[in-house]
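Take these sequences, add in the hints, and give me the full structure.
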Amino acid sequence: MNIPVSITVNGVQHRQDVEPRLLLVHFLRDVLGLTGTNIGCDTSQCGACTVHLDGMSVKSCTVLAVQADESNVTTIEGLAQDGKLHPMQQAFWDHHGLQCGYCTPGMIMAAVKLVESNPNPSEAEIRHGLEGNYCRCTGYENIVKSVRAAAGAGD
Amino acid sequence: MGYVGESVRRVEDPRFIQGQGKYVANLQLPGMVYAAIKRSPYAHAKIKGIDVEAARNMEGVVAVFTGEDLIKGTKFSSPCGAIPCGYVPSDTKVPTHHPLAIDKVNHVGDGVAVVVAESAYTAHDALDLIEVDYEPLPAVVDAKAAAQAGAPLIHEEIADNTSYHWVLGNKEQTEKAFAEADQVVELDLINQRLIPNAMEPRAVTAQWNKFDEHMTVWTSSQNPHIIRLLLSGFTLGIPENKLRVISPDVGGGFGSKIFHYPEEVIVPWVARAVNRPVKWVARRSESFMTDAHGRDHVTNCKMALKDDGAITGLQVYTYANMGAYLSTFAPLIPTALYITLFSGLYKIPAIWGETWGIITNTVPVDAYRGAGRPEAAYLLERLVDLAARELGMDVVEFRRKNLIPADEFPYQTPVAMVYDSGNYKGLLDKAEEMAGYQDMRKDQAEARKEGRLVGIGVSGCIEASAPGPSPIVTTLGSAIGLYETGSVRVHPTGNVSVFTGSHSHGQGHETTFAQVVADELGLPMEAVQIVHGDTDRIPFGTGTYGSRSAAIGASALVKSAEKIREKVTRIAAHQLEAAVEDMVYDRENGTIHVKGSPDKAKTFAEVAFATYYAADLPEGMEPGLESTTFYDPSNFTFPNSAHIAQVEIDRDTGEVTIERYIAVDDVGKVINPMIVNGQIVGGVVQGVGQALWEHGKYDEYGQLLSGTMMDYALPRADQFPNLETGRIETPSPHNPLGVKGAGEMGTIAATVTIANAIMDALAPLGIRHIDMPLSAEKLWQTIQSSDNGGAN
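Chains as they are written, first to last, in this note's numbering: chain A, 67 to 221; chain B, 1209 to 2000.
Any given hint could be a false lead.
Simulated pairs of lysine-lysine, DSSO-like, Cα-Cα distance not exceeding 30 Å [said to hold, decoys possible]:
id : chain 1 : residue 1 : chain 2 : residue 2
1  : B       : Lys-1384  : B       : Lys-1230
2  : B       : Lys-1230  : A       : Lys-211
3  : B       : Lys-1555  : A       : Lys-211
4  : B       : Lys-1280  : B       : Lys-1230
5  : B       : Lys-1230  : A       : Lys-150
6  : B       : Lys-1230  : B       : Lys-1352
7  : B       : Lys-1638  : A       : Lys-211
8  : A       : Lys-179   : B       : Lys-1230
9  : B       : Lys-1384  : B       : Lys-1352
10 : B       : Lys-1254  : B       : Lys-1283
11 : B       : Lys-1254  : B       : Lys-1877
12 : B       : Lys-1771  : B       : Lys-1803
The following residues of chain B were derived to be distant from chain A, with all beta-carbon distances above 10 Å [what the hints assert, rightly or not]:
id : residue
13 : Leu-1337
14 : Val-1489
15 : Asp-1742
16 : Thr-1799
17 : Trp-1901
18 : Ser-1993
Covered stretches of chain A (in silico footprint by chain B; criterion: 3 or more residues with CB under 8 Å from a CB of chain B, positions within the stretch not fixed) [claimed, not checked]:
id : region
19 : 70-77
20 : 134-147
21 : 197-208
Since the hints were made in silico from the structure, they are not lab data.
Virtual Cβ for every residue (Gly too), placed ideally from N, Cα, C.
If you want it as structure tokens, here you go:
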């Protein structure tokens, strides 16, 4: 039996009937077509699917769509405002914080919340804060540089 | 315009940082249905029967097919063939590999049936309704054990499970070197199995147009043209001109997306059978049990030495685990990309290597970042460290003594390779200087007095990149030449589309290749756009692996751009009524002028339009401005490195802290230092993963114990310091750009650098060697059981 949900994603309210078992990440990708949020694992390790749920950074493969009922979700597609990149997006571009780009949306979403909760993080704090997001390409170094730069830019 | 050599920001990034990457899983087509694959839970079992009726009757299920259906064909979809191996040295025995197993499964994860349903959830639900009647058989997972008499036979046609035996070097000379040696160091080692784990799981989508009898396949591949060739010629049987393979944005490969996988056959076959677009996306657990794994060697090696520190001989015997089937390039890795690198950076007069390629009940093993070369570097550099220790020499001094001198290039090794160029002493000197090696040793001595386990690891490694030329690689067993194509198409208003057979899956070709072409033609980078990954748009391609894209793919573009410049110059000469040899093509600003008369000039755009206007071209010249090159390199290139690491092991926990990591690399000329540095750093971290954490581990029954990201430990952000990177540049004479390739050097060097550092830290405890991964638990156990236990 499907359950009605109302989820606001990137400022737009969506009312849908969904299977109780539908994961939030599949709701975003398959129901709404917002494919910027990637799926990298099935055990909540990799963080590729990180989005913001009511101001918290969450792995959207670990949240059911029904749990997000009456919630606000921001995905990577909703980060840039008025055609202007978010400082974190800009910093990833400027500091070569990505290679294949697959972990990037989740990494950026996690980094945005990291800097919001700790506006001037040390390198060690950034590395610790991002340990739940895997990147197989960059070796993390330029990701850390990007986050530091974005924090310095006065997020 | 001077882009080459500059750290130009990547042009592909805006789509990735805004969630607009075009990965296969993101593709949605009208009427699409979803495939899921029933996989064997057994490593080795007979299939006595498969009952798919309940699954077929489930609401939302469109169709279910078994391996029998695929090879017999249906009314709508003709039979498909077995998956071939693309690299077959003579006398190699190749097991039959059906896209879905028939009669027998040979590894956990072997596919037995495919469900197509209206949703992905339904397809996976239906898998549970398929009843497979298995008769389990004894399994064997270890390569050496599988080659022994009495081991379970996996494919009846392959006796002793031994697919091939490959040798290289001079046996008599090597035996003589050992007979005359002052000292011999010997090591039995295991280079453990790794699981690549590109962040994007593999995905395949296919769409059949029954009216045109045309198939389009989207697949996350590093070489779409090779996949099309294998689909056409062997597995699917649809001719190339009716088959388009698109490999759009690919989320990392590291070798694992080179190969032709069963799903690339199954999904289009099913799409044709049900006449609807079909999408399959691997779940991560499927990636673990179906993506080709890497490494997995059991090796005995020894080194002959003179008392003065000269290396005089090397002998290596390796059992290489091939897994249950021969993956596309599997036999290449532990043979022609492995034994050929045994000389490393050193003058070693006599070398002998033998490899046995062994079939086991495990996931097939093939190229994984470095592919054969890290395995060679690992055994050589472990032996070098042990040799220095036995001789009482410093590990840097011992290496320096045996390096190939800079004035001996090109250098012929005893194992077939001719090294192109290098300054190995300069490389090691630079690493030593950046590290402050002497001070590092002093600090280590102080730390040891306090009982701390501080270690310094050194390595000097070689890589053979950009394999070629084609007559050589095909002689070695490759089923296709390893040239690359590059087309430059100048449009009427002077902007340029570039079509490359290389494929970018993180390497940044859209930037670096545009830098190269813009410089060659004297255009702003914005005027140059790179197209890759589509067999309908690009003439042909052999793809990206073996650090070959800059050396071969970009060189093809240099050659095509040269032809464009030549035509443009002739037209400008004609229109300015000057002799061709009096013309100057100014690559600073893209103008062509008469020598000594800069005012008598045509711009690139003017000439481009003139070629399409075609009213006033030199006599006999065709209109249009376009050029294609199939570039075949004259030889491999040989990137090289000197890396130094400092680690400390916590006596109480066994945890390793990497205090410093210095990486000095010679990758030849550098097109984009920012991107090259990113490749080196990323490569090092991946190599450290093997040294410390990663292990594709099977139990004796062939169950994969490290089959999820919870069990398989990938490197994380908080485990590394910032690396200290340096470079020297000795251009390769083997390609017009002088590049050597940067994709794999970091990985090749880092594994053994960290292993050497840890063994150095443990040396005071009398520990000589431990096999990787050097996990905290393993180190703690080792420290506890050493002579002086955990005591200071």
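- Test the statement that B:Leu-1337 is away from the interface with chain A: the closest C-beta pair must be farther apart than 10 Å. It holds; B:Leu-1337 is separated from chain A by about 17 Å at its closest Cβ, greater than 10 Å.
- Message: Need the status of pair B:Lys-1384, B:Lys-1230: alpha-carbon distance at most 30 Å?
- Response: With Cα atoms ~58 Å apart, B:Lys-1384 and B:Lys-1230 exceed 30 Å; violated.
- Just checking, B:Val-1489 versus chain A, shortest CB gap more than 10 Å? Since the minimum Cβ distance to chain A is about 8 Å, B:Val-1489 lies within 10 Å and the statement is violated.
- Task: Quickly compare the C-alpha distance for B:Lys-1771 and B:Lys-1803 to 30 Å and report which way the hint goes.
- Result: OK: B:Lys-1771 and B:Lys-1803 at ~20 Å, within 30 Å.
- Say whether it holds or is violated: B:Thr-1799 keeps its Cβ farther than 10 Å from all Cβ of chain A. holds, 32 Å
- Coverage of the region 197-208 of chain A by chain B, judged on three or more residues with CB within 8 Å: holds (count 11)
- Query: Within a Cα-Cα threshold of 30 Å, do B:Lys-1280 and B:Lys-1230 meet the stated pairing?
  - Reply: violated, 35 Å
- Query: Per the stated criterion, does the least C-beta distance between B:Asp-1742 and chain A lie above 10 Å, as a non-interface residue requires?
  - Reply: The claim holds: B:Asp-1742 sits with its nearest Cβ about 18 Å from chain A, beyond 10 Å.
- Pairwise hint evaluation, A:Lys-211 against B:Lys-1555, where the allowed Cα distance is 30 Å at most: Judged against 30 Å, a Cα distance of about 41 Å means the pair is violated.
- Query: Holds or violated: B:Lys-1254 with B:Lys-1283, Cα cutoff 30 Å?
  - Reply: Holds, because 28 Å separates the two Cα atoms, which is no more than 30 Å.
- Item | 30 Å limit on alpha-carbon distance, applied to hinted pair B:Lys-1638 and A:Lys-211 | Roughly 25 Å separates the two Cα atoms, so the pair holds.
- Would the pair B:Lys-1384 and B:Lys-1352 pass a check requiring their Cα atoms to be no farther apart than 30 Å? Judged against 30 Å, a Cα distance of about 27 Å means the pair holds.
In summary, the numbered hints that this structure violates are 1, 3, 4, 6, 11, 14 and 19.
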